[in-house]
Each structure stands twice: as C-alpha cells, then as structure tokens.
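Trainee: Please model the entire structure based on the sequences and the hints provided.
Chain order of the listed sequences is A and B.
Read in this note's numbering, the first sequence has 120 at position 120, and its numbers run on one by one without any break.
Read in this note's numbering, the second sequence has 110 at position 110, and its numbers run on one by one without any break.
One thing to keep in mind: the hints can contain errors.
In silico DSSO-like cross-links for lysine-lysine, where the CA-CA straight-line distance does not exceed 30 Å [stated by the list, open to error]:
hint: 1; chain 1: B; residue 1: Lys280; chain 2: B; residue 2: Lys223
hint: 2; chain 1: A; residue 1: Lys212; chain 2: A; residue 2: Lys130
hint: 3; chain 1: A; residue 1: Lys130; chain 2: B; residue 2: Lys223
hint: 4; chain 1: A; residue 1: Lys212; chain 2: B; residue 2: Lys223
Bear in mind the hints are in silico, worked out from the structure with no lab data behind them.
These are the residues of each chain, in order.
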Amino acid sequence: MSVPRRVLVPAAAAAAALATLASLAVLADASPLEALRALALGSLGSRAAIGETLLRSTGIVLTAAGACLALRAGVLNIGLEGQFLAGAAAAAAVGPALAGMPLVARAAILLAAALAGALWVLPAAVLAAKRNVPEVLSTILLNLIAATAAGGLVRGALRDPAGDYPQSRALPDAVRLEPLFSGGRATAAVLVALLAVAVLAVLIAATPLGLKLRAVGLAPAAARAIGLADGRLKVLAFAGSGALAGLAGGLEVLGVTGRLYDPFAAGVGYTGLAAALLGQAQPVASAFAGLFFAALGAGSSAMQRDTGVPAALAALVPGVLVLAVLAARARAGRSGS
Amino acid sequence: MSGFLAITVLLAAPLLLAAAGELLLERAGSIQIGVEGTMLLGAFAAFAASQRGAGPHGALAAAVLTGVLAGGAFALFAVAGRADPVLVGTAWNLVGYGATAFGYRLLAGATGSVLEIATLTPVLLGMPAAVLFAFLAPILLELFLARTRPGLAVTAAGENPLALDALGGSVVRVRSAASLAAGALAGAGGAVLVLTVSPTFVEGVTAGRGFLALALVVFARWKPLRLIPGALLIGGATALAYRLQAGGSTAIPYAVFLALPGILALAALAVARGRGGAPKALGTPAP
Numbered sequence: 001m002s003v004p005r006r007v008l009v010p011a012a013a014a015a016a017a018l019a020t021l022a023s024l025a026v027l028a029d030a031s032p033l034e035a036l037r038a039l040a041l042g043s044l045g046s047r048a049a050i051g052e053t054l055l056r057s058t059g060i061v062l063t064a065a066g067a068c069l070a071l072r073a074g075v076l077n078i079g080l081e082g083q084f085l086a087g088a089a090a091a092a093a094v095g096p097a098l099a100g101m102p103l104v105a106r107a108a109i110l111l112a113a114a115l116a117g118a119l120w121v122l123p124a125a126v127l128a129a130k131r132n133v134p135e136v137l138s139t140i141l142l143n144l145i146a147a148t149a150a151g152g153l154v155r156g157a158l159r160d161p162a163g164d165y166p167q168s169r170a171l172p173d174a175v176r177l178e179p180l181f182s183g184g185r186a187t188a189a190v191l192v193a194l195l196a197v198a199v200l201a202v203l204i205a206a207t208p209l210g211l212k213l214r215a216v217g218l219a220p221a222a223a224r225a226i227g228l229a230d231g232r233l234k235v236l237a238f239a240g241s242g243a244l245a246g247l248a249g250g251l252e253v254l255g256v257t258g259r260l261y262d263p264f265a266a267g268v269g270y271t272g273l274a275a276a277l278l279g280q281a282q283p284v285a286s287a288f289a290g291l292f293f294a295a296l297g298a299g300s301s302a303m304q305r306d307t308g309v310p311a312a313l314a315a316l317v318p319g320v321l322v323l324a325v326l327a328a329r330a331r332a333g334r335s336g337s
Numbered sequence: 001m002s003g004f005l006a007i008t009v010l011l012a013a014p015l016l017l018a019a020a021g022e023l024l025l026e027r028a029g030s031i032q033i034g035v036e037g038t039m040l041l042g043a044f045a046a047f048a049a050s051q052r053g054a055g056p057h058g059a060l061a062a063a064v065l066t067g068v069l070a071g072g073a074f075a076l077f078a079v080a081g082r083a084d085p086v087l088v089g090t091a092w093n094l095v096g097y098g099a100t101a102f103g104y105r106l107l108a109g110a111t112g113s114v115l116e117i118a119t120l121t122p123v124l125l126g127m128p129a130a131v132l133f134a135f136l137a138p139i140l141l142e143l144f145l146a147r148t149r150p151g152l153a154v155t156a157a158g159e160n161p162l163a164l165d166a167l168g169g170s171v172v173r174v175r176s177a178a179s180l181a182a183g184a185l186a187g188a189g190g191a192v193l194v195l196t197v198s199p200t201f202v203e204g205v206t207a208g209r210g211f212l213a214l215a216l217v218v219f220a221r222w223k224p225l226r227l228i229p230g231a232l233l234i235g236g237a238t239a240l241a242y243r244l245q246a247g248g249s250t251a252i253p254y255a256v257f258l259a260l261p262g263i264l265a266l267a268a269l270a271v272a273r274g275r276g277g278a279p280k281a282l283g284t285p286a287p
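Mentor: What follows is the structure, encoded as structure tokens:
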C-alpha cells in the first residue's frame, strides 16, 4: 500500500495526538470530551487563557526556530535546553544591576542572553571540530551541566540574600516587560519570538546565506566541492541556534519570572526541538507546532483543575507526536513516495 | 564500607546498569539516546509497584519488565521501523519524562507529598544484591561479547551488518534483542536509584544519569570492563557534590561542584573520543 507522505505524516500526527489525549483522560478516570473541552477553553477560551498560551509560546517558538536553523545546516542541536538556561542565567546576572533607561537595560539583557546562548554552543562546536565528539552527546551533557550549574548559581553567586528560596535577585520593575493587553499575562516577548521566526524564514528561504546553509545541510560534500566553507557555516548556524535559545531564556526572565530559580527550564528546549521535528525544520510550520504545544501547556493546567487529568500530559504529547511522525515518515519513505 | 565510598558505589550502580545496556546496544550498531527516558520509566515502575504493595524485589522486577517494553518500543521504531534512532531517542526522553510525571500525579494526587518506598536490603559489604550485580554486569557482558556465538552476532551487527545479513543472520533480530536487554538494564538502573539512595519518586528523579551513561560508553570506548572505573569516577563526583552541598563549603563555587559530574563526563568524551573504538556501523539502519 502506498500512501503519499504529505497525507500520511499529518494524519499520523493528528491521530496520535487525539488518541493520546483521549487515552490519558480515560486513564485518569475523566471523560475524554470533557478533558478536550477544558483544554480548549483553558488555552483559547478567554483573554487570560490566550495570554497564557502566548506567554508559554515564546520560549518554545524561539527554541524551535533555533532548532530549525541548526537542522537546516545539518546539525541536530539537542542542547537548546542548556542554551536557554545559559541565556536566562546571563539575564539574571546582568539584569538586577541595570537601572536607568528601561529600553537600554532590556536591550543589554537580551544581548547578554543571546550571547550566552551562543557561547554555550562553543564547547560542543570545538569538541566536534577538534576531537570528533558528536554534537548530540556533547550538547546533552551541556544541558545537564547548565541545569546543575544554574541550580548552583541561585544557591551561590547569584543568590538573593533577602529570599527564602534559592533564587536570584529580581530585575527592577521598570525594566520588566508590561502585559501586552489587559486581562492576560502575555508580554511583547511573544512578538519578539514571532519576528525572529519571520526573519529566520526569510533568511533560510530567500537569502544567499540561507541557500549556502541549506546546501551544507543537504549535501555537505557537494557544498565543499563548490567551495563553501561547510565547517564554518555549520558552526555559524549552530551558534545562531544557541543565540535564539539564549534569547528565549532572556525573554523568560525579562517577561515572565523576573529572576532565575531552580529548576528553571523544565523542558522548554526539548519541547522546542520536538516542535521543529514536527514542523520538518520549516520555521513557520515549526512555530505553529510550538504554538500548539504552548496551548496544550496552558490548557492542561485548566484541565487538571476542572477534570483531574494531570497537566503533565502537556509534556508527554510532544514526544508521542514526534514518534508518530518519525514512524509515518520512515514508512512513507520505504513505500517509495 | 565508609560513608563516602558506600555512597559512591551506590551512585555508580545505576550508571553501570544503564551504561552496560547501552554499550550492548551500541555494539550491535544502534544507539538509544533516550536512556534517560527508560531509566525514568524504570524508576517510576518500581515506585508504582511499591505503592501497590510490592516488596523491593517485586518493584525491581516491575522496573525490568517496563524497561523491556521500552526496549521493545525502541526496536519497533528505530530498528525494525528504520526511523532515525537519534530522533527516536530524543522523543523517547520526552515520553519518559511526560509519562512518569503524569503517572506520578495520578498516584500521588495533586498534593505532591513525598511518598517513601521500601529500599533493597544489604546482603554483602553493606550492599544490596542488585548493586553487586551492577558491578558484575560489565564482566558478564565482556564474556558474552567475547566468548559466545550470540555475542559474536552482536559484534557482527555493529561492525559489518551487510556480512551478517549475507550469512543469513538477521540484523534486525540481533539489534532488537540487544534493545530489549538494554531496556531491561536501564529500567533496572532507574529502579536501583529509587530503591537505594533516594527512596522516593519525584519528577525527573534520574537527574541526567541516562545522559551520563551515554558518555560513559564513549569513555569506555565500547569495552565493557572500562565502564567500571568511569562509573566510579562519576559516582564519586556526584557523592562529592552531595557532601559539599551538605557541608556548605564556599571554597569552590556551588555552580562548579554541582555541575562536576557533567563536566567530568564531557571531559571524558573529549579525551576518549579522538581515539576511536566506535562500532563501524553505529547508527546506520539495518540492511
């Protein structure tokens, strides 16, 4: 049986999502329809709900964009979670010291965050180039190092002496982002994320640099043969990917939390990577996948409250969806379409 | 055993079990970077079985069974299904984290109260049998790979799958069997963690041990016996981080010593990787 890939893959994803949601609801002794209704209302049913979805989408959409940039150049960046944390830590480190003009302070915080994210890629890029260490392994360890180091920072160097919990000092209120509309918590951070997606989509699809990156990703040997510096282009995409994840971490501190605490990231980078895999490394499609995961996250809190189905379902569904899509893609690939 | 050494050994055991399984799977030519997810599933299965009245050994058995199922799922997607194993593993970590967090909330309710479970009892040198087995596992694996026919088939599947295929062997079958065993060992690793040093389940209780196990395999350059010193090193670093945290020393920045196990693993990768030793067909689909 030969089913075209463009039909099979989205159909498998939709079926897997619905089947997972329904069976998890049944497992929790709830009605699947009521759980779905609570999910929908909790993510889109009110201004507060929409604000919550947009708030959660910032980190996922930006890390998904980072994943796309690296994937298109042939690098699987599993380190987005660590790069996100590096950005958040940088924002929490420089933020409290910046008073004065809020716009300048915000720009400085986000610049520091993006830079930290890009720098957190460096060990993996160097180890890949000099020691032949696969990026997959080094970035996974860099995630672990970032998570444990962030835990250490909020207990040590960055600790707020006035706080009861291990957390960093808060950003000045004047620097933190205001809500975008009344009744919801979303800030302009989500606009930064969507802008970044648009810029990235154009960069990849319509610029000479994008063409070079895609060439390196699709056929590194051929790219090298026509004189492209494939190693340098890969590192550039990898660092850009880290910068986007770092920016996401900085925006999380600037727009949502105002400080760093432990644990902080809770899988944002992994969810973003799942969104990029689901969106087949296309920035716009991946952003939609990221918005969907964010809606799931926002709606799942309301669902837990109303129907008793644990909100952790929002962490499980992205993984199941990626597995379904991988299986469908492998199957479509074998059936020769 | 003295306190520090005992904690080091107890912390090394889950790493050894998971890394031994991963090493077997990688020697067969596949790679499961979702070990962390399977360890979490094993830890949760042990916790859930304990909550339902099973003793520590019943809990361990539940974890092994769950690990076998996890290995079966991986084989289905990444071995028989020929999906990219690295992407399957990435998704598997999300599945393991999400499924166990979901299950934990179902069992523990929304309160998040800590539910302690019964731990494994010591049998020798103050260590439970499962911990002693963890140190035996690399030795058994070495003998299996070097001295038995199925062990040779594993090496063939990882080094030259086309030849194994041409000789009438089934690469898919060999790698799938390795995946089941790797799942069982990772599940046991997760269980040993919650049945010894941290006798409860919390979300993400494995705290990156699956990632450390992956690095250990490279550090051991795919030779089972070399897993033991590596696991003791990482276990010791983790024990040191615990001790310094409890002692509140400020001589070393907190961030550095809490991150020490990961930093050591990354350094070990850098040292070992350049020297090679990886199975030639690692990560390639079965013919």
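Trainee: So, for every hint listed, does it hold in this structure?
Mentor: Okay, the hints, checked on the actual structure:
1. Lys280/B x Lys223/B: With Cα atoms ~14 Å apart, Lys280/B and Lys223/B stay inside 30 Å; holds.
2. Lys212/A x Lys130/A: 23 Å, holds
3. Lys130/A x Lys223/B: Holds - the C-alpha atoms of Lys223/B and Lys130/A are around 23 Å apart, at most 30 Å.
4. Lys212/A x Lys223/B: Violated, at about 40 Å.
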